[in-house]
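Protein sequence lines, in the order shown, are assigned to chains P and B. Going by the working numbering, the first residue of the first sequence is number 1, and it counts up by one from there. Going by the working numbering, the first residue of the second sequence is number 101, and it counts up by one from there.
These are calculated hints, taken from the structure and not from any lab test. Check the hints yourself; a few may be wrong.
Said to hold, decoys possible - So the derived list for chain B, only partly shown, Cβ under 10 angstroms to chain P, looks like this:
| id | residue |
| --- | --- |
| 1 | A139 |
| 2 | N145 |
| 3 | H170 |
Claimed, not checked - FRET-style restraints, in silico, Cβ to Cβ:
| id | chain 1 | residue 1 | chain 2 | residue 2 | range |
| --- | --- | --- | --- | --- | --- |
| 4 | B | V196 | P | S68 | 14 to 24 angstroms |
| 5 | B | A179 | P | A60 | 38 to 48 angstroms |
| 6 | P | G13 | B | D163 | 23 to 33 angstroms |
| 7 | B | E132 | P | I88 | 33 to 43 angstroms |
| 8 | P | A11 | B | A172 | 30 to 40 angstroms |
| 9 | B | A176 | P | G13 | 32 to 42 angstroms |
| 10 | B | R130 | P | V96 | 40 to 50 angstroms |
| 11 | P | A61 | B | I124 | 35 to 45 angstroms |
| 12 | P | E95 | B | K167 | 15 to 25 angstroms |
Unchecked claim - Derived lysine to aspartate or glutamate pairs resembling DMTMM-like cross-links, with alpha carbons at most 20 angstroms apart:
| id | chain 1 | residue 1 | chain 2 | residue 2 |
| --- | --- | --- | --- | --- |
| 13 | P | K31 | B | E127 |
| 14 | P | K17 | B | D133 |
| 15 | B | K117 | B | D163 |
| 16 | B | K117 | B | D146 |
| 17 | B | K167 | B | D194 |
| 18 | B | K117 | B | D143 |
| 19 | P | K67 | P | D43 |
| 20 | B | K117 | P | E32 |
| 21 | P | K17 | P | D58 |
| 22 | B | K167 | B | D133 |
| 23 | P | K31 | B | D146 |
| 24 | P | K17 | P | D48 |
| 25 | B | K131 | P | E32 |
| 26 | B | K131 | P | D43 |
| 27 | B | K117 | P | D46 |
| 28 | P | K17 | B | D146 |
| 29 | B | K117 | B | D133 |
In this text, a Cβ means the ideal position worked out from N, Cα and C, and glycines have one as well.
Protein chains: 2
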Amino acid sequence: MLIIEGWLHFAPGEIDKFAEAARIMVEETRKEDGCLHYAFARDMNDPDILRITERWTDEAALDAHSKSPHMAAFGAGLAQVERVGADIRLYIGDEVRRIM
Amino acid sequence: MLIIEGWLHFAPGEIDKFAEAARIMVEETRKEDGCLHYAFARDMNDPDILRITERWTDEAALDAHSKSPHMAAFGAGLAQVERVGADIRLYIGDEVRRIM
């Protein structure tokens with residue numbers, strides 16, 4: 001299983017400009033084959049930090065996602081807002097246990 | 101490396117009751133040996149969902165975290181608010197590449 005976890009840090013208030021685009025991106029991505037989990041969340045201590053979590057079955061699913069029309073649309077929207085940093089990483093892993 | 105990812109879903113507005121406790125929990129946990137990442141974030145589409153992401157070096161570090169005084173304090177605070185669901189899972193994995 002592939003796990004993606006990371007963040008995008010935006011200039012103050014910029015996240016509000018693409019909240020609706022983000023909602024559509026999440027909704028469309030969750031319909032994709034191989035998508036096990038996909039969510040956007042705002043850091044509790046710094047709401048200008050967008051935290052991304054994803055789980056995918058395999059690289060083929062992730063590759064198809066990267067070429068999807070909703071990814072292109074969302075990427076175009078992101079290019080319109082001021083971002084001050086980003087760090088998103090891909091991990092390969094397996095579930096050990098449910099904690100809660 | 102251990103990766104934790106999951107969510108706690110609270111009754112409407114309950115998250116606001118422990119925002120300060122959550123800030124302290126994050127601050128104290130990030131000082132722990134073996135903590136590579138620890139964050140709380142509110143889902144962009146449903147702000148009553150708290151999303152948790154963590155990365156730890158190993159089980160010993162995670163075990164020490166579970167027994168920490170800040171975990172006990174935060175757990176006591178969580179017990180005071182109405183929760184409607186939770187799903188938090190532990191994964192074992194390795195970094196493949198940085199995406200962004």
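CB-CB spacing for P:V96 and B:R130 relative to the 40 to 50 angstroms hint = Check failed, 22 angstroms falls outside 40 to 50 angstroms.
Has the given pair, B:K131 with P:D43, been kept, meaning a C-alpha gap of at most 20 angstroms?
-> Satisfied, since the Cα-Cα distance of roughly 18 angstroms is no more than 20 angstroms.
CB-CB spacing for P:I88 and B:E132 relative to the 33 to 43 angstroms hint | About 24 angstroms separates the Cβ atoms of B:E132 and P:I88, which means 33 to 43 angstroms is violated.
Going straight from one Cα to the other, do B:K167 and B:D194 come out at no more than 20 angstroms?
-> The given pair, whose Cα atoms are some 25 angstroms apart, is violated under the 20 angstroms limit.
Taken at face value, is the distance from the CA of P:D48 to the CA of P:K17 at most 20 angstroms?
-> holds (11 angstroms)
Compare the distance between the alpha carbons of B:K117 and B:D146 with 20 angstroms, and conclude whether the hinted pair is satisfied.
-> holds (16 angstroms)
Is the interface hint for B:H170 satisfied, with its Cβ closer than 10 angstroms to some Cβ of chain P?
-> violated (15 angstroms)
Given hint P:D58 paired with P:K17 - CA-CA distance at most 20 angstroms = Distance ~32 angstroms between P:K17 and P:D58 Cα, so the pair is violated.
Please test the hint of 14 to 24 angstroms on the beta carbon pair from B:V196 and P:S68.
-> Holds - the Cβ-Cβ distance for B:V196 and P:S68, about 20 angstroms, lies within 14 to 24 angstroms.
Starting from B:K117, check that the Cα of P:E32 is at most 20 angstroms away, please.
-> violated (36 angstroms)
Starting from the hint 30 to 40 angstroms, judge whether the C-beta atoms of P:A11 and B:A172 obey it.
-> holds (38 angstroms)
Within 20 angstroms, alpha carbon to alpha carbon, are B:K131 and P:E32?
-> This hinted pair is violated, its Cα atoms lying about 38 angstroms apart.
In this structure, the hints that do not hold are numbers 3, 6, 7, 10, 13, 14, 15, 17, 19, 20, 21, 25 and 29, in rising order.
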